[in-house]
Amino acid sequence: MNLDPAILARVQFAFTVSFHIIFPTISIGLAMFLAIVEGLWLKTKDPLYLEIYRFWLGIFAMAFSVGVVTGIVLSFEFGLSFARFGQMAGPAIGPMIALEVLTSFFLEAGFLGIMLFGLHRVGPKLHFFATCMVALGTLFSASWILSANSWIQTPDGIVVENGHVVVTDWLKVIVNPSWLYRLPHMLTAAYLTGSFLVAGVGAWYLLRGEHKAFGRRTVSLGTAFATVLIAVQVFLGDLVYGRMLQYQPSKMQAAEGFWDKQSESPAPYYWIIVPDQQNQRNRFTLGIPVLGSIWLTHSLDGRVEGLKNTPPDRQPQMGWVFYGFRVMYGIAIIMFGLAVASLWLRWQRRLFTTRWFLRALVVMSPSGVVATLGGWYLAETGRQPWVIFGLLRTVDAVSPVPASVLLSTLIAFVCIYALFMTAFLLFAFRMIRRGPQAAPAQAEASGSLKHALQPRVKDDAAHRKLAPAE
Amino acid sequence: MHPKPIANLKSFCSAILATLIGIAFFNLVIGVFGLPAAIVSLVLFVALAVMVFRRPQAAEPTP
Chain A
1 MNLDPAILAR
11 VQFAFTVSFH
21 IIFPTISIGL
31 AMFLAIVEGL
41 WLKTKDPLYL
51 EIYRFWLGIF
61 AMAFSVGVVT
71 GIVLSFEFGL
81 SFARFGQMAG
91 PAIGPMIALE
101 VLTSFFLEAG
111 FLGIMLFGLH
121 RVGPKLHFFA
131 TCMVALGTLF
141 SASWILSANS
151 WIQTPDGIVV
161 ENGHVVVTDW
171 LKVIVNPSWL
181 YRLPHMLTAA
191 YLTGSFLVAG
201 VGAWYLLRGE
211 HKAFGRRTVS
221 LGTAFATVLI
231 AVQVFLGDLV
241 YGRMLQYQPS
251 KMQAAEGFWD
261 KQSESPAPYY
271 WIIVPDQQNQ
281 RNRFTLGIPV
291 LGSIWLTHSL
301 DGRVEGLKNT
311 PPDRQPQMGW
321 VFYGFRVMYG
331 IAIIMFGLAV
341 ASLWLRWQRR
351 LFTTRWFLRA
361 LVVMSPSGVV
371 ATLGGWYLAE
381 TGRQPWVIFG
391 LLRTVDAVSP
401 VPASVLLSTL
411 IAFVCIYALF
421 MTAFLLFAFR
431 MIRRGPQAAP
441 AQAEASGSLK
451 HALQPRVKDD
461 AAHRKLAPAE
Chain B
1001 MHPKPIANLK
1011 SFCSAILATL
1021 IGIAFFNLVI
1031 GVFGLPAAIV
1041 SLVLFVALAV
1051 MVFRRPQAAE
1061 PTP
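As given, the protein sequences belong to chains A and B, one line each in that order.
Last residue of the first sequence? That's 470 in the working numbering, and every number before it is there in order.
Last residue of the second sequence? That's 1063 in the working numbering, and every number before it is there in order.
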């Protein structure tokens, strides 16, 4: 069998990075949620907030650890699969990855222990500070990674000399043309993911008639955050769209599913297409008439640019880009619809008692992760055939490694990651089934750092007694 | 005359109204009517949402 190393390298990176992004998305979202919930507990002294915090802390810890491990793998893959990319872009990308480690990993590592194990060892305020620092660390981490990724999407602040990138302006490298647009879009996606996850688990308890106070509070918090965030997200999404249209027109041409240089007028908005890349046409299309003109050109009869505006050797594969975008955007529309429904139900005082809505929330629990994956497929497949847009083609970036090595490591990654996912889902479902009251609901501490340095755990039987739920 | 059909009709109409308002907000926020309108409608949507969040909710279904 004759396998292409370039294809294998791409499949391997696509698999490992797709798996990885699931976990930081959850942990970034949950870290902020935990910081807010602990802040509310400190402010109100309501033990229900502490119960919510303790419950979600365990799931956050698991997502965080799997995210760190699978993230480290990606750095090694630059060497294994894309060494020529490393050789060329290392002077720009390397320092950003190093700064991620120095700023965010050190911050997270310094405070994660206190966050996970210090609730009974340090004071509540110091513990809250630790939670905030971990949330800040996840934000810094996302910032650096988005900066590095945005630089390969819209490279700036460099010159290429003898096949190597030479940085001429670090500020332009870090604050490249798309970073300030893509960073808030990604952070909001992570916070939305956390919100729908929290609301979905709360709704599941309410449907089963278990842990009702916990369920009501988490459905209320989750839907409130989700309502505000999805509105912000569709606004940010439109800004990112405009920016990418300016810097990567081929990506957005592929994302809309049109081939002709100018679409018909008025343009439909396609939801399903069967693209034929070789013949530069669609075999089948299904869309809503006129909506393409309204949404994409903001007029009733505007025409949309198609992929034939880009030479065929510089075109991305339309199918991946189109469906990545449609998955993300389709889920965003459903989220927006649910947000409006939640407001209507709140107005009618039926948020916790409307079973179809609670069922919808349960179904939407993983929607943030799926939408984020769709968005990343849009971003990364839309950048093709470039690994650094306009500078280095993906096929030229691949390591001179035999296909058999890439295939064997790919199989190893699939097996190990299947174990990771199974373990994560198994333990997460077990924690959800056991319910929030399986975790102690009362933190006791003096508020002094002294106790943090003592090995004694201030969690005796009396303190373990559960506080009333609401 | 039974009050229930009227209540159902009222609920149905309010659901339709909420849907229409939702569609209007979505199109405004994604910039169909320009960036200034998108910013204003986003602020308005969030403000309306925060007002509605303050409404107390029934813990159990009302008979």
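Treat the hints with care, as some may be off.
To be verified - Some, not all, of what chain B presents toward chain A, calculated at C-beta under 10 angstroms:
(1) I1006
(2) N1008
(3) L1009
(4) S1011
(5) L1017
(6) T1019
(7) G1022
(8) F1025
(9) F1026
(10) P1036
(11) F1045
(12) L1048
(13) R1055
What the hints assert, rightly or not - Examples of chain A residues toward chain B, derived with CB under 8 angstroms:
(14) A61
(15) F235
(16) R283
(17) F336
(18) M421
(19) F424
To be verified - These stretches of chain A come out as covered by chain B in the derived footprint (C-beta under 8 angstroms, 3 or more residues):
(20) 252–262
(21) 303–313
Quick caveat, the hints were computed from the structure, so don't treat them as lab data.
Glycine included, every Cβ here is placed at the ideal spot set by N, Cα and C.
Consistency of the hints with the structure:
1. I1006: violated (15 angstroms)
2. N1008: violated (13 angstroms)
3. L1009: violated (14 angstroms)
4. S1011: For S1011/B, the interface hint holds, since the closest Cβ of chain A sits about 8 angstroms away, which is under 10 angstroms.
5. L1017: holds (9 angstroms)
6. T1019: Because about 7 angstroms separates T1019/B from the closest Cβ in chain A, which is inside the 10 angstroms limit, the hint holds.
7. G1022: Holds. Min distance 3 angstroms.
8. F1025: holds (7 angstroms)
9. F1026: Given a least distance of 5 angstroms, the restraint on F1026/B holds.
10. P1036: violated (12 angstroms)
11. F1045: Holds - the Cβ of F1045/B comes within 10 angstroms of chain A, reaching about 5 angstroms at its closest.
12. L1048: Holds, because the Cβ-Cβ distance from L1048/B to chain A comes to roughly 7 angstroms (cut-off 10 angstroms).
13. R1055: OK, holds: R1055/B within 10 angstroms of chain A, min 5 angstroms.
14. A61: Given a least distance of 29 angstroms, the restraint on A61/A is violated.
15. F235: holds (5 angstroms)
16. R283: violated (29 angstroms)
17. F336: With a closest approach of 5 angstroms, the F336/A hint holds.
18. M421: violated (34 angstroms)
19. F424: violated (32 angstroms)
20. 252–262: violated (count 0)
21. 303–313: violated (count 0)
Taken one by one, the earlier hints fail for this structure at numbers 1, 2, 3, 10, 14, 16, 18, 19, 20 and 21, listed in ascending order.
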